[in-house]
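Asks: Here the protein sequences come in this chain order: A and B.
First residue of the first sequence? That's 470 in my numbering, and the numbers climb one at a time after it.
First residue of the second sequence? That's 3 in my numbering, and the numbers climb one at a time after it.
These aren't lab readings, by the way, just hints derived from the structure by calculation.
For clarity, every value in this text was computed on a predicted model and none was experimentally measured.
Backbone N, C-alpha and C define an ideal beta-carbon position, used for all residues, glycine too.
It is possible that some hints are incorrect.
Okay, the calculated bits of chain B under chain A, using three or more residues with CB under 8 Å as the criterion [as the list claims (entries may be wrong)]: (1) 36-46; (2) 82-96; (3) 115-123; (4) 131-138.
Derived DSBU-like pairs (lysine-lysine); straight-line CA-CA distance at most 30 Å [to be verified]: (5) A:Lys734 to B:Lys44; (6) A:Lys496 to B:Lys37; (7) A:Lys734 to B:Lys45; (8) A:Lys496 to B:Lys120; (9) B:Lys152 to A:Lys647; (10) B:Lys143 to A:Lys647; (11) B:Lys121 to A:Lys496; (12) A:Lys734 to B:Lys152.
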Amino acid sequence: MSEYAVEFRNQFVALAGIVERNVYLTKRYFLWDLAFMVWTIANTLTIVFIARVANLPPAQENRLATQLLVGAVIWAFLGIIFEFVTETVAWERWEGTIEYTFMAPISRTVHLFGMAAYAVLYGMIRATILFFAVIAFIGIHIPNANFGAALALLAIASLSFMGIGIMTSVLPLISPEKGAQLGFIAQGLMLVVSGVYYPVSVMPQWMQWVSKISPATYVLRGDRHAIVDGSGIAWADVWPMLVIAVVATPLGLATFRRGERYAKKHGKLKRSG
Amino acid sequence: MSTLAAPTSTSVPIRRDVPAVEVADLRKTFRRRDKKAGRFAKKAWPALNDVTFTIARGECVAILGQNGSGKSTLVRLLSTLLINDGGEARIFGHDAFREEKAIRKLVNRVSVEASFFKKMSAAENLSYAARFYGMGPRQTKTAIPEILEKVGFPAERRGEAMENLSRGMQQKVALARALLTSPVLLLLDEPTTGLDPRSKLEVQDFIRQVRTEHDATILLCTHDMNEAEALADRIGLLDKGRLLFLEPVADVKRRFGVETLEEAFFAATGREFRADEVEDENDDDEYREVFG
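Bound-form chain A, shown alone (with noise of 0.2 Å):
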């Protein structure tokens, strides 16, 4: 095998490694993995839920439960990929093998894409779930739905989402203690702007601009007219969330980058020990 052969093997080999390692935490942490879910199906109740005192003819009460219960979905997508791409630091911080990881062979794309790709299969499973467990709660009727086309929406969006989440997830790298939490601030600013629980022509005119600088505006939209009216994926959808992603995943990795050099600078790699 020539030697870029080898190379291109041994990061397959490494990303396949840290989506291994993501497996056997999940597994670890299954039951408070289950009762976070439990707080999530929890958390979106209490927002479908607010269709029911809109005083709308059925029909009506049914769409806006459906587009809330949307904005909810992806917001808990969001959150995943966000902790996870995030945290990449902190959590290797916390359990003390972040030194190990960051002096082994593996290039830092190959470990941050690895951390998002697991992120994005979980994200999903966990919104599939989320989805279809509020439904059989509330009773939402979707007969319309092209779950095919929501789906393919979630994973072209997550390929933005993931370029975005590693920008964030070097701000532990700089701030060991509160740079988690910053991440946080990021996913809920980007949701605020997107129109999570209503549309984005509600907005004042300049929230709107940010929008369409937002992924997530796209596959609110995109997911809510594919999951309440059926409707396939359009392309008005998917390029701009292309866009955001070749613009975001270079940005993002290059942002990273910069805060591991400033991090092994300054000694920051490690909180402490």
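Once you have looked at the hints, place chain B on chain A.
Replies: Frame of chain A, contents of chain B only:
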């Protein structure tokens, strides 16, 4: 094939015409809070000050020093975890600060704290670490039981969560993790600190075994003088970031006209050797502005 003798997965050329480690005028300074000078004031704290030495291939060198003397900083610099402020370090001819990718394939490390995913088992932690070095499931299936057996880890506890293992057991797994990837330079940073006497001897025996069976160069940083004397070909003394000497034990004793390394330390620094003695009650981490 023995795991310890297994070739490294690296494709990095290892030059035989250069020393394993060449360190020249290496400097690292951290900025730390200076409460006396004001709320936000910081002062520079030299963790390593113009350190120069070489280690030959296959040699075991021990660097002695109290806590805060700069030992861990040296290890972190050589393992690409810190960026230097001056000087240079080469490992088998590769620049430690410009050829990080190559260095990472050549070096592995055992530190004072075992550092594992605590909910994962020894076997799972080792397989996670091995993947980073290109070892697939087929390789680790045989290599992990083999290396764990070599370090004296009980087979029946391979699947047990790390958090249930004693400190000595965890340190054995840490050694196994470092050796699983067949590094040509092994950095041992206080590998036996905190271990009970029996575990300590077992770990030391294993380090000897590594030297005889495996083509590894070892840099051992410790404050245990007996351990340094028992394991190393040459002993260096790092004090307040300065390397005062690096010589065979007999030469050190002859140079200062003393019988023990403790006496040599006193002769070289004018102070008693106390492993836990740290200037300003700070350790390396606080030097590194962690709380800054």
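Asks: Against each hint, give a clear statement of whether it holds in the structure.
Replies: Here is what the structure says about each hint:
1. Residues of the segment 36-46 of chain B lying with their CB closer than 8 Å to a CB of chain A number 0, which falls below the three-residue condition for coverage.
2. Coverage of the segment 82-96 of chain B by chain A holds. Counting CB-CB distances below 8 Å, 4 residues qualify, and the rule asks for three or more.
3. Figure legend: the segment 115-123 of chain B, annotated as covered by chain A; annotation consistent (8 residues with Cβ-Cβ distances under 8 Å, at least 3 required).
4. Only residues whose C-beta sits within less than 8 Å of a C-beta in chain A count toward coverage, and the segment 131-138 of chain B has 8 of them, enough to reach three; the restraint holds.
5. For the suggested pair lysine 734 of chain A and lysine 44 of chain B, the alpha carbons sit about 16 Å apart, so the restraint of at most 30 Å is met.
6. This hinted pair does not check out: lysine 496 of chain A and lysine 37 of chain B have alpha carbons roughly 46 Å apart, beyond 30 Å.
7. Restraint check: the Cα-Cα separation between lysine 734 of chain A and lysine 45 of chain B comes to about 16 Å, which is no more than 30 Å; the hinted pair holds.
8. Between lysine 496 of chain A and lysine 120 of chain B the CA atoms are separated by roughly 13 Å; this keeps the pair inside 30 Å, and the hint holds.
9. Between lysine 152 of chain B and lysine 647 of chain A, the direct Cα distance comes to roughly 42 Å. Violation of the 30 Å bound is thereby established for this hinted pair.
10. The straight-line distance between the Cα atoms of lysine 143 of chain B and lysine 647 of chain A is roughly 40 Å, outside the 30 Å bound, and the hint therefore fails.
11. A threshold of 30 Å between alpha carbons decides the hint, and for lysine 121 of chain B with lysine 496 of chain A the separation of about 10 Å falls inside it, so the pair holds.
12. Distance hint between lysine 734 of chain A and lysine 152 of chain B is unfulfilled; the C-alpha atoms sit about 37 Å from each other, more than 30 Å.
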